[in-house]
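First to last, the sequence lines map onto chains D and U.
For the first sequence, our numbering gives the first residue as 369, with consecutive numbering after it.
For the second sequence, our numbering gives the first residue as 958, with consecutive numbering after it.
These are computed hints drawn from the structure, not numbers from a lab.
Predicted model, so just to flag it, every value in this text is computed and none were measured.
Glycine is no exception: its CB is placed at the ideal position from the N, C-alpha and C atoms.
Do not rely on the hints blindly, as some may be mistaken.
What the hints assert, rightly or not - Which bits of chain D does chain U cover? Going by a derived footprint, with three or more residues having C-beta under 8 Å, they are:
| hint | segment |
| --- | --- |
| 1 | 690-702 |
| 2 | 721-735 |
| 3 | 739-746 |
As the list claims (entries may be wrong) - Chain U side only, calculated, beta carbon under 8 Å to chain D, not exhaustive:
| hint | residue |
| --- | --- |
| 4 | Arg1027 |
| 5 | Arg1103 |
| 6 | Arg1177 |
| 7 | Ala1181 |
| 8 | Gly1184 |
| 9 | Ala1192 |
| 10 | Ser1254 |
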Amino acid sequence: MKLELESVRKSFGGVEVLHGVSLTGEGGQVVAVVGANGAGKSTLIKVLSGAHPLDSGTLLLNGERLALRNPRDGIVQGIRTVYQELSLVPELTVTENMLMGELPKKAGLIDWKAAHQRAQEILDQIGFSGIDPHAKTRQLSVAKQQMVEIAKSLVAEPRILILDEPSAVLAGSDLDALFALVRKLTAGGTLVIYISHRLVEVLELADKIIMMKDGATIAELEPAKTNEDEMIHLMAGRKVDQIYPTRREDFGQALLRVDHLARPGEFEDISLQVRAGEVVGLFGLVGSGRSELAETVFGARRPVGGQINLGGQPLRARTPKAALRRRMALVTEDRGHTGLVLGMSVRDNVILATMKGPLLRMRRASARAAQRIEQLSIKPADCAARPVWQLSGGNQQKVVLAKWLEVAPQVLLLDEPTRGVDMATRIDIYRMVDSLARSGMGILLISSDLTEAIGASDRLLVMREGTMAAELDPASVTEEEVLAYSIGTPT
Amino acid sequence: MTPKDIPLEVEPTAGPGLRGGLFNGRNLRLGGRDMRGLILFGLVAVVLVVVARTTTDTFFTESNFTNIMRQMVTNGLLSLGMLMVILTGGIDLSVGCVVAFAAISAVGLTYDQLDRYTSFPVPLAMAAAIVTGLLFGSANGILVARFKLAPFVVTLATMTTIRGLTFVFSDVPLRPSADVKDQFRWIGATTVGPVPVAIIVVAVAFALGWVFLNRTPLGRSIVAIGGNRETVRLAGISVTRGIVIAYMICGGLAALAGVILASRMGNVQPSLGVAFELDAIAACVIGGADLAGGKGSIHGTLAGVVILQLMNNLLSLWGVQDFWQQVFKGLIIILVILMQSQARRRN
């Protein structure tokens, strides 16, 4: 079995996000796709799985042209995808999730006994033991849920299995089990397409490494003949130590102090502080409560207990409005849902949090927008009157930043500020964060990207399942250590 | 080890996202504005006028124009208010009933009520009617925004409540069918030259509406709420306040429309205004408003009102039966929204 992808292009709303992606793979191989956030990996997967039909280029399976119009078409061809975002129904059992649409029946009714048995068999077979098929999926840890997701994709014995960052929430023995599974599948003739930005595991697992950058495949490497440094260099177009600015050293007094903050079910007893001139990193996996914490500090969610101090004064009113008045801003993780009004112009978005008076002063608003567009080099330069949705992801993110910079914050909470953003923009954002910190702002940088959490921060906090698991020195810590704390297995 | 030569492409700058075709935005810009809507409106209006001119004798008469303008008053005001609500992502089904309630109460208050208390002076009676419209609107808004109920259900419930109240109040023995005082008729029934006074009121309302939506923080926040309520909340802006005000404007304008209608007709039935809300929604939608919120404009809505009215007028002049007029109107609305959704999909 042979899969060939040739010069694939894909646009959304007039913005081309894949421009010329080529990839080949054969049954029995592990083809790894690596690239920074925003390189186009996710879009590539969706094209491969049929979720996004391609605009141009060819997709060949065993030399035959494949026209996938929807995920159903992909499944029919034996292409299964395990997405990074879990797609399980939390209120259903593991069995129901795994066998959805294929539950065994007896006399027209579901045969639960056979169903649970079948689920158990599959779990055993692939080496994911310790998962009870009767359990509701919401009761499982994120790592276990990820395993159920993988098990689900194997029910139909796919010819091509696409794994999107499967290791993002796995570590230790779970990760070993995953690797063993991938090897077993390839031994059976399956083609595994493995998306990851953790280069070490890619080097260990892959037969072939496809490098993506800014929506195109830029290189094909053999794991035996390359190394981490070369890959980073290719991905970023520069050396690792040039991506992140040098760490800051002079810190002032604490601008933000959080004491024993809690929201049961989300996080418990969280204390932290951010000093003037400091970038505090906060790393945590999905479900660790990092975003909920940021939203609570900002006042978008109501805490059940604990105190927040801003600039030495307690912050009592718990609304975004109160936080903004005290000059604390939050760049939320999902710019489409909470950061921008996509249908409104760049200008209107930039001034959104600072509109005043009975009448807007349009000339002033335009001037503010123009200044921010220039300062943050938002492209295209004449975008002030354009609706924000027309901009690329990286530029949209800069518009969100511009909006919050307009309130002249003293404390800036950044929740995944570089998600889905191309490398050039990421570097811009790191530089901006650096210069803001150096000008005396206190910054809390929340990230699920290990490299970023370590590289861009002066102090690193790690959250695990709603608790503060560790405070580390990013200058001396390794990615493996941070991940171990975030999963709860520090060695 | 050497990377294969796969050409590295330069990231394209975000374009306006339009492919060729009849309405290519790049060719139809004037002063940086997208002129497609205006051109489309112009085309439709010209076609309607030309058809009217060639198929009827009476279209190009002063009395018909006055008539068209007069009939545009009610739907114009209702559509303007409806636009505010639709922009927030809501809908107000109660406006037709507010029209009836305001009309009944404005007339009723100018009468002596069975010697129990004396009549209000005309301006005060009208003002009181408009205030009740604002109150109905704020009730809608508070239920939607504060209690997070679905706008459709809320306004469906207030619709029947207000209709019921209208019948209750019109049931007092004061003979609302008697002639209304001359003073009362000024706003709805007089003209300045060929131009009805009421249409001037509508024009002022639209002008103020434009300033409100485009030049005030409150108006901008109403547009933004419909686009993305959470973003607005996180920007420190009160979403509740914005929504309540949108519904208040809608209720207030509906009441104003009711007062003007009462003034024009001089004779008000409590069953007035049935299904008026549908014409208002239609005008907004034809004018490009998105029922999901965040999208819609004053000029688009005005265009929607004009087109609907021209259509109505044409069908009347042709002598098409009222029932068939409704059928045509329904089909044309479906056609327009189909065209819009196609255009959106191309983007």
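Hint by hint, which ones does this structure get wrong, listed from lowest number up? Checked against the structure, the hints that fail are numbers 3, 4, 5 and 10, while the rest are satisfied.
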